[in-house]
Amino acid sequence: SSVVINLNPGVWCTRNFSSSEKFVDVSMNEKTGISTVTMQRLPVNSLNLELLQELSNVFDSLEKDKCKGMILTSASPTVFSAGLDILEMYKPKPDRLKDFWSTLQDTWIKLFGSSYATVAAINGHSPAGGCLLALSCEYRIMVGPKYTIGLNETQLGIVAPKWFQYSMENVIPKRQAELALTMGRMFSTEEAYKVGLVDEVATDKNDALVKAEKFLSGMSKVPTMARTLAKLSSRQEALEWLKNNKEQDLKQFLGFVNLPAVQKGLDIYLESLKKKK
Amino acid sequence: SSVVINLNPGVWCTRNFSSSEKFVDVSMNEKTGISTVTMQRLPVNSLNLELLQELSNVFDSLEKDKCKGMILTSASPTVFSAGLDILEMYKPKPDRLKDFWSTLQDTWIKLFGSSYATVAAINGHSPAGGCLLALSCEYRIMVGPKYTIGLNETQLGIVAPKWFQYSMENVIPKRQAELALTMGRMFSTEEAYKVGLVDEVATDKNDALVKAEKFLSGMSKVPTMARTLAKLSSRQEALEWLKNNKEQDLKQFLGFVNLPAVQKGLDIYLESLKKKK
Amino acid sequence: SSVVINLNPGVWCTRNFSSSEKFVDVSMNEKTGISTVTMQRLPVNSLNLELLQELSNVFDSLEKDKCKGMILTSASPTVFSAGLDILEMYKPKPDRLKDFWSTLQDTWIKLFGSSYATVAAINGHSPAGGCLLALSCEYRIMVGPKYTIGLNETQLGIVAPKWFQYSMENVIPKRQAELALTMGRMFSTEEAYKVGLVDEVATDKNDALVKAEKFLSGMSKVPTMARTLAKLSSRQEALEWLKNNKEQDLKQFLGFVNLPAVQKGLDIYLESLKKKK
Numbered sequence: 002s003s004v005v006i007n008l009n010p011g012v013w014c015t016r017n018f019s020s021s022e023k024f025v026d027v028s029m030n031e032k033t034g035i036s037t038v039t040m041q042r043l044p045v046n047s048l049n050l051e052l053l054q055e056l057s058n059v060f061d062s063l064e065k066d067k068c069k070g071m072i073l074t075s076a077s078p079t080v081f082s083a084g085l086d087i088l089e090m091y092k093p094k095p096d097r098l099k100d101f102w103s104t105l106q107d108t109w110i111k112l113f114g115s116s117y118a119t120v121a122a123i124n125g126h127s128p129a130g131g132c133l134l135a136l137s138c139e140y141r142i143m144v145g146p147k148y149t150i151g152l153n154e155t156q157l158g159i160v161a162p163k164w165f166q167y168s169m170e171n172v173i174p175k176r177q178a179e180l181a182l183t184m185g186r187m188f189s190t191e192e193a194y195k196v197g198l199v200d201e202v203a204t205d206k207n208d209a210l211v212k213a214e215k216f217l218s219g220m221s222k223v224p225t226m227a228r229t230l231a232k233l234s235s236r237q238e239a240l241e242w243l244k245n246n247k248e249q250d251l252k253q254f255l256g257f258v259n260l261p262a263v264q265k266g267l268d269i270y271l272e273s274l275k276k277k278k
Numbered sequence: 002s003s004v005v006i007n008l009n010p011g012v013w014c015t016r017n018f019s020s021s022e023k024f025v026d027v028s029m030n031e032k033t034g035i036s037t038v039t040m041q042r043l044p045v046n047s048l049n050l051e052l053l054q055e056l057s058n059v060f061d062s063l064e065k066d067k068c069k070g071m072i073l074t075s076a077s078p079t080v081f082s083a084g085l086d087i088l089e090m091y092k093p094k095p096d097r098l099k100d101f102w103s104t105l106q107d108t109w110i111k112l113f114g115s116s117y118a119t120v121a122a123i124n125g126h127s128p129a130g131g132c133l134l135a136l137s138c139e140y141r142i143m144v145g146p147k148y149t150i151g152l153n154e155t156q157l158g159i160v161a162p163k164w165f166q167y168s169m170e171n172v173i174p175k176r177q178a179e180l181a182l183t184m185g186r187m188f189s190t191e192e193a194y195k196v197g198l199v200d201e202v203a204t205d206k207n208d209a210l211v212k213a214e215k216f217l218s219g220m221s222k223v224p225t226m227a228r229t230l231a232k233l234s235s236r237q238e239a240l241e242w243l244k245n246n247k248e249q250d251l252k253q254f255l256g257f258v259n260l261p262a263v264q265k266g267l268d269i270y271l272e273s274l275k276k277k278k
Numbered sequence: 002s003s004v005v006i007n008l009n010p011g012v013w014c015t016r017n018f019s020s021s022e023k024f025v026d027v028s029m030n031e032k033t034g035i036s037t038v039t040m041q042r043l044p045v046n047s048l049n050l051e052l053l054q055e056l057s058n059v060f061d062s063l064e065k066d067k068c069k070g071m072i073l074t075s076a077s078p079t080v081f082s083a084g085l086d087i088l089e090m091y092k093p094k095p096d097r098l099k100d101f102w103s104t105l106q107d108t109w110i111k112l113f114g115s116s117y118a119t120v121a122a123i124n125g126h127s128p129a130g131g132c133l134l135a136l137s138c139e140y141r142i143m144v145g146p147k148y149t150i151g152l153n154e155t156q157l158g159i160v161a162p163k164w165f166q167y168s169m170e171n172v173i174p175k176r177q178a179e180l181a182l183t184m185g186r187m188f189s190t191e192e193a194y195k196v197g198l199v200d201e202v203a204t205d206k207n208d209a210l211v212k213a214e215k216f217l218s219g220m221s222k223v224p225t226m227a228r229t230l231a232k233l234s235s236r237q238e239a240l241e242w243l244k245n246n247k248e249q250d251l252k253q254f255l256g257f258v259n260l261p262a263v264q265k266g267l268d269i270y271l272e273s274l275k276k277k278k
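Heads up: the sequence lines are chains Y, V and P, in that order.
Position in the first sequence (from 1) plus 1 gives the number in the working numbering.
Position in the second sequence (from 1) plus 1 gives the number in the working numbering.
Position in the third sequence (from 1) plus 1 gives the number in the working numbering.
In isolation and in its complexed conformation, chain Y is listed as follows (with noise of 0.2 Å):
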């Protein structure tokens, strides 16, 4: 039987990579300081090497900059993103399997202890590698009420990682995150905000943005670098487990991703894909 199940039909994105194209937008509002990350990889915003190695480039040029805060949304009306490109784990080559993963444990790495405030206006579906990204800013806005939204790695046969546990249970109660985790549970925007994955809930992109600027507002009156150290404090705990276990964490993913059965559940999943087409 297939590994992969396919909860959200047609989210995946089977484009071609190809690096010359802008996956990410950064707009700066000059006169608050705070910056907005787009996501632009359309159809669905799905997570391959270069949509990662930009937002990771991103992430560093907002922290040279000193940015006052930083917004991440998405350019697709319906998906904020839909998670890892299963392209990047179909008959992989292995040198840009290990470059995905690692670019993906380092985006991690500085947008969860990111010196800069940093809110999501989720507009749209956010199931897996879309949901850690939103799990990884401070604060978290969805406009509803017809998305979704979880760590839904178990209903496709694959364990969401470590790190990924600790970004849940970083948001929502332990009980809560080991129910929606061995689930593999989708929270509708309604779900999600009675159990505290989301903190606001908006009419539509606009209202997120509005909200997500008007909770930076509040958070550009703290001191900055008190602010920082509470935040890198906090989090101190989670950051520290993926940074001292980078190489184990890969080895794992690896060993995961090239199972025969894993490759077969892939292969089953992408035909039943083009069938649909």
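Simulated from the structure, these hints should not be mistaken for lab results.
Each statement offered as a hint is correct.
Heads up, the list lumps identical chains together, so a pair's fine if it works in one copy or across two of them.
Taking lysine-lysine and the DSSO-like style, the derived pairs with C-alpha atoms no more than 27 Å apart in a straight line are:
no., residue 1, residue 2
1, 215, 147
2, 247, 163
3, 175, 111
4, 111, 163
5, 265, 277
6, 69, 244
Here the structure of chain Y is known, so what remains is to put chains V and P in place on it, guided by the hints.
Same frame as chain Y, now just chains V and P:
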């Protein structure tokens, strides 16, 4: 003064040990693959060495048979389990006392870290060790409104070991766990539901079993290996704590039980039970 | 720009040090065995070296006298405690500064890990170090509706040390603790109750004391040794952290206070206070 205070008079069983009896019934639904494990050491399922050994063996079998899901419940009409059998601790034989505690440790490790999904159908009172068994499952459905549940060890002058504490913190917020553990609080069905100690309330045992099957049916749709790994990852710290501290935990228990004050307290307590009869 | 921002103008005390005064009053109810510890360094119970030393000594005495339960409250009509006395950090004498921080560490270890049960009757504002004292107790009753409480260190450009963070995470969910600590948020009585930062709301000081006695009366029915061991087990990680990191924590505090930017900030702040007068 006595170190043992009885909260639920008459709840503790005083029958003799007997290894020939069958204290656990296992029935399997061929259609669903769900096993129902019923504790039947009447009247109150006091956890003595033999009951624990049977539970431990049953959990091994379920693991070997690749059980799809397990419901833990009781044959008593009013008690899920009254907790550890006090007679195991009163004037104990050294070897049996060691076996008793080691078997409790192993039973917990197997249940808390089982690869199959687990639900407690709590059809009666569930103090101390009874509550521990319920907490070790992944989901709790409790019959209401008149039963009680809790780790009430401190009320009996006993300290719940570290892994009892972890089991509770895995389910309810740390703040509530500290209050409940220091006070040895027993929760009514409604209070338990409100604080998150149980996930659902049932009208009677049959209703509890139906709800348990519904939960397990949802779980069975999640790919097994991923589901199990997610559960073990979520419970890793608690499991590793006991695995790494079994000897020390056993030593602490033996030292405590053999304190003259504790033996004297048990003596007074058991005398008072006899007088009641 | 200043690293210190004043949220509660006028709250900080500027009186001179004097070791001859008595900053703490202790009264014992012979009938119940409950001790009421009243901070009376008026006007606002700023925590200077002498007040902390008195508190530390009082906690030692209660421990020695096998106190049944303790209520911590304030003689001020509007302030529980304004937190650390800024004058201890402004142009400090090296030895006194060391003593100051070490005494704060010891006071926290004694209060957070006391063998007797503890309640804070919060009869006024309770920012920063005042909030820390309240968080270290096992139960909090706050007079409403017009007071505020919180670890607002970041608002003052200061970072709450790790053990302040642990004290807050022991009481409210990690998610709420991160938001509160990064923003340096002050909660109104009602907000504090809603998030779980306080357990009960009282109409005035007398009502708070009555409620505190009721809580301690319940606690006194639990066998003492078991109760204490359960509390210490629940608080073990936080207590061990500080016990194992006292030197490093002190070093970090001394380094921070002696930063030119911090001293300049304090200078500007104290000047602004003088002008107000």
